[in-house]
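Colleague: Taking the hints into account, I'd like the entire structure generated from these sequences.
Heads up: the protein sequence lines correspond to chains A and B, in order.
Residue 180 in our numbering sits at position 180 of the first sequence; the count goes up by one each step and never skips.
Residue 145 in our numbering sits at position 145 of the second sequence; the count goes up by one each step and never skips.
Note that these hints are calculated values from the structure, not bench results.
Just to be clear, a hint being listed does not mean it is correct.
Since the list can't tell identical chains apart, any single copy or any two copies may satisfy a pair.
What the hints assert, rightly or not - Quick list of in silico lysine-lysine cross-link-like pairs, BS3-like style, CA-CA up to 27 Å:
no., residue 1, residue 2
1, Lys277, Lys251
2, Lys124, Lys42
3, Lys277, Lys60
4, Lys251, Lys60
5, Lys251, Lys42
6, Lys124, Lys60
7, Lys277, Lys124
8, Lys277, Lys252
9, Lys277, Lys42
10, Lys60, Lys252
There are 2 protein chains.
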Amino acid sequence: MSEYFSEASSADVVNARMGAQTDPRLRQIMHALVSHLHAFIKDVEPTTAEWEAAIDFLTKTGQLCSETRQEFILLSDVLGVSMLVDAINHRRPDGATENTVFGPFHVDGAPELAMGANISLDGKGESCLFEGRVLDLDGNPVEGAVVDVWSDNADGFYDVQQPGIQPQWNNRGVFRTGADGRYWFRGVKPVSYPIPDDGPVGQMLERVERHPWRPAHMHFLVHASGFESVTTHTFVEGDPYLESDAVFGVKKSLIAPFERTDGGDTSWRSQFDFILKPM
Amino acid sequence: MSEYFSEASSADVVNARMGAQTDPRLRQIMHALVSHLHAFIKDVEPTTAEWEAAIDFLTKTGQLCSETRQEFILLSDVLGVSMLVDAINHRRPDGATENTVFGPFHVDGAPELAMGANISLDGKGESCLFEGRVLDLDGNPVEGAVVDVWSDNADGFYDVQQPGIQPQWNNRGVFRTGADGRYWFRGVKPVSYPIPDDGPVGQMLERVERHPWRPAHMHFLVHASGFESVTTHTFVEGDPYLESDAVFGVKKSLIAPFERTDGGDTSWRSQFDFILKPM
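Modeller: And the structure:
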């Protein structure tokens, strides 16, 4: 038996309908969803036409999704939801390397390479040496850490976005640290690129006067036995989009120096240490 | 220039990105959306897997939508959102007939019929006389009120759900009141029916132990010059789903008597007056 619907009691009426045997975690999530959703609606008091526009937006967002496009993840990204969920799940002590969003472009099974290898296979862009150490919170080197890296090429695309155009595994590689915890490899200095903006999310960004660009970054997934894995980027110091990343991925601690080299076999050099939190 | 993302300031960081020239109403809606959405996420602290499940649910909901199926409206309905938006947009003084959800089955252009006509064209079900008056708040009859009615047939389907099976305009008609404000027509006693439950919304209902049924009802759209239109149902007194309507459409004032007739040319009779609020 439940109360009839009324504006004042709307969320309570809906929540009272859940059965007693509902999974407790699902119950908690649904209860909070309904409460916050009704509070939002009471705040803005949408007209019928606005409600219809919201239904239409959600419908178009779902209908654009395919094997190669996930518009709802993009929506989550540009609303800061992806970063918030990431932050909640990766709280770390001061000093430990911070997480950021995983992004859609990681591929399992990239080749494990010798330290110093060049992951840029298409010969484009400005060469860059990436180097640093994997350390624990006390500054001791972590041996056997797996450093999985990936970036866009000099045209702003990942290899999986351009099959047949870029070589497979272009700008991807996996490295394993030795006793000194050091890693080093060659690649290209990453470039800024826009998230896909030809769908409903792009239209929304335009209407709130936001651009779709992400600042240039190198992806890192660092894992080592006994430590919490770190999924993060290093961001290219000086990038014009650092303070307006379309998906809010930038944290100050993740902005890495990129320095012009004086001689050597790369044009740039970027040094960054990863500090892992024990499990 | 905006602050970098942090868990604590997440909603503020996102909202600070909107441009100064953003339409004020859109700005208000987006600001509230981001604030409530982030508050929801902070309340439940979803795991990455739960976030992925939410993305998957929304994607499937969008992908089921078609010309003949609107799963996002169904989601809005079962979460009480459709009724809340309806309530917010149709606040009325005591005594005026309350609104309820419009539903997806209205068709413009139904035939205008003479009072007393039988709208049931398929010969199925238990016949019922619907009658009553259209009145203003002082109890005066409203002349020239247009009473647009529609219901399911005895099998629980609207004509538009069964093209080629049901006659066109089965259980639909438009009537116009005379000087006495009275309306009367014949139809069938409506029956309960389930909302479509073979998609993500149906799966969600099952997981929270809710059924998909709507209590039996006759739809009315009543409009008259100088008065606010009323979109409502009358619900069949005694229906087992009155207190658990899957879409929360029932209001106590909309439950109508359905009485067995003693003789006469219909088996049932349902009397209901519509009280209109002036514009």
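Colleague: Against each hint, give a clear statement of whether it holds in the structure.
Modeller: Against the structure, the hints come out as follows:
Proximity of Lys277 and Lys251 under a CA criterion of 27 Å is satisfied intra-copy only: 18 Å inside one chain copy versus 56 Å between copies. For the identical chains of this complex, Lys124 and Lys42 are neighbours neither inside a copy (53 Å) nor across copies (43 Å), given an alpha-carbon limit of 27 Å. Neither within a single protomer nor between protomers do Lys277 and Lys60 lie at most 27 Å apart by alpha-carbon distance, with minima of 41 Å and 37 Å respectively. Proximity of Lys251 and Lys60 under a CA criterion of 27 Å is satisfied in neither setting, with 32 Å inside one chain copy and 33 Å between copies.
For the identical chains of this complex, Lys251 and Lys42 are inter-copy neighbours only, at 19 Å across copies versus 34 Å inside a copy, given an alpha-carbon limit of 27 Å. For a Cα distance limit of 27 Å, the shortest separation of Lys124 from Lys60 qualifies neither inside one copy, at 37 Å, nor across copies, at 39 Å. Taking the shortest alpha-carbon separations for Lys277 and Lys124, neither the intra-copy value of 36 Å nor the inter-copy value of 71 Å comes in at or below 27 Å. When the C-alpha separation of Lys277 and Lys252 is checked against a cutoff of 27 Å, the pair qualifies only within one copy, where the shortest distance is 19 Å, while the shortest distance between copies is 59 Å.
Taking identical chains as interchangeable, the C-alpha atoms of Lys277 and Lys42 lie at most 27 Å apart only when they sit on different chains, with a minimum of 23 Å there against 43 Å within one chain. For the homomeric pair Lys60 and Lys252, neither the shortest alpha-carbon distance inside one copy (35 Å) nor that between copies (36 Å) is at most 27 Å.
The earlier numbered hints that this structure contradicts are 2, 3, 4, 6, 7, 10.
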